[in-house]
Amino acid sequence: LDEALEYDADQLHAHLLLARMSLETGNLNDAEASLDRALRLAEAEDHPPLEIYALKASADLLRGVTDSDWTTRALDMNASYGDIYAIPAHFYVITRRYREAIELLLEAVRIQPDLWAAHAELGVNLLRVNRIAEAMAHLETAYRGDPFSAKIVNTLRLIDSLDNFRDVVRMPEMDEENLGAGMILRLHRDEAEVLVPYVTDLVNDSIRTFSERYGFAPTEPVVVELYPEHDDFAVRTSGLPGIGLLGVTFGYLVAMDSPSGRTDNDFHWGTTLWHEMAHVFTLEATNHLVPRWFSEGVSVYEEWSTGPLPGRHVPMHVLQAVAEDKFLPITDLDSGFIRPTYDGQVMVSYMQAGLICQFIERRWGQSAFVAMLEQYTQGADTATAIEGALGVSPDVFDQGFEAFIVDEFGSVLESLDDWKAQVERGYAAADNADWGAALEAASAAVASVPEYVADGNPYLLKAKAHDELEQPDEAVATLESYWSLGGHDAGALKGLARRLDERGRRADAIDVLDDLLGVVPLDSELHVELGDWLMAEERAPEALREYRAVLALNPYDQAGAHYRLATAYRQLEDAAKTREHLLYALEIAPHYREAQQLLLEIAR
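When we follow the numbering used here, the leftmost residue of the sequence shown carries the number 31, and every step to the right adds one.
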């Protein structure tokens, strides 16, 4: 655009596009300058100024002026110009102020009923606040006017697919404190029976934790939607399939992939949901005025510090970006999310935001997060929020954060090239079955960057090398370190749990498998093994949950699933339920000897 304007400084549409980009990144002064130039050009060319008026009204809106003179001017010129409301609504949407956007879009379609794009946007945003019937009505209207829109068609199909989901309502009991207004779980009917207890527990834990940490209690039920088809989740968030997000929060509504929505072994649905639940609090506590960077930063920080997956997880390409000095000043960090300038910058911005929050907590304490949120609630920008809550200027803050990064990662950054070389050498040695060399290289890599447990980490290679060299205790110790740092490869952790159990450490083995439910809760074998160990430890209430999950997964051995449930109820001294499940087991397998014997025992 800059080059185009250098060639011809009087291109009206270039100035309008530049203004839109400035508005999206919050650079209101630059936007106003572009719009003033565009207005002069429009007057000189006798071009209708309505779009300029709408963008001027958008700038006023972002400054907190909701009754802009530019709106009045536009309506005086054309009383049916719906975009005077629809265009400003866009800037509410990208700053996640969906309720205000809906009000503007309703006004847009009221004065211009054939503004199909506004009906479509209205439908999508009504879905974001769980007003499904109204969303359907506006999307159907949009479809009648624009039947070829992929966004409209996909969203209507998504709404139709909700017939395959179950809404599970969970309201707090009278004696349950700090649970807000409860939750509505919207889960696919094929998975609901299995997932409900695990999702319920995690949502309740997050509400208790964040209510205490942030002094805010949800005033509406939190809606949590889990989609087994990733493209359905993508349509839910943007109207189009194919996006790479794992979860998104619209306020009191969270949508994300279900555990079956991702085929990779690296998807930890538990930490994703914890991240999104933190957004519920930062968004709603500030009436959605919190900037993107701080909301994401708090969510990432809470993943690391209070979530179900222990440890600080910084991807290797982000460490490389730190080494290349690609972190942004605090007042510019939102642009890394909204207008990235290089591949991978959005993830770099996520991690920078999380590390900034870790720096704030270390320097000023967790209460500083609450002070920052209070600043944003009052309409402060980031510079004002930093000064008001932390008592330093943004420049001084940036200097302190830079020193924090050097303290935390200085030695790691110096070792990055060596780490990469050692990992490559280790895996090459493993390919050649040179396990001594593989162990040496993997051990060196672990020592240089010990926090890294993601894909391609050296821990699993090191454990494998120990096993090949007949050093089983060292292999177990390596896998324990990997697990304690948040490593969650399902195969590796199942193996670790069994080896711990063999060593008489059943309680630790149970903890490993329990953590693994955050990755593969639809694994029937995992539930059986965990349930059996819990029963052996006389922890029948927990075992019952696992055995119920087994039955809900419709296993091949239905009789065995019912028998296990019967044993759990027997330990709980529930004779009626014990008998019920034994009879189910014997109905399926009449000669099931263990079931026959247990039925005789309870009949005596």
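What the hints contain is simulated information worked out from the structure, not anything from laboratory work.
Hints may be right or wrong, so weigh each one.
Unchecked claim - Only pairs whose alpha carbons sit at most 27 Å apart, straight line, appear in this in silico DSS-like list of lysine-lysine:
1) Lys-524 / Lys-494
2) Lys-450 / Lys-494
3) Lys-450 / Lys-356
All values derive from a computational prediction rather than experimental measurement.
A quick look at each hint next to the structure:
1. Lys-524 / Lys-494: 14 Å, holds
2. Lys-450 / Lys-494: Distance ~19 Å between Lys-450 and Lys-494 Cα, so the pair holds.
3. Lys-450 / Lys-356: 20 Å, holds
The earlier numbered hints are all upheld by this structure, with none contradicted.
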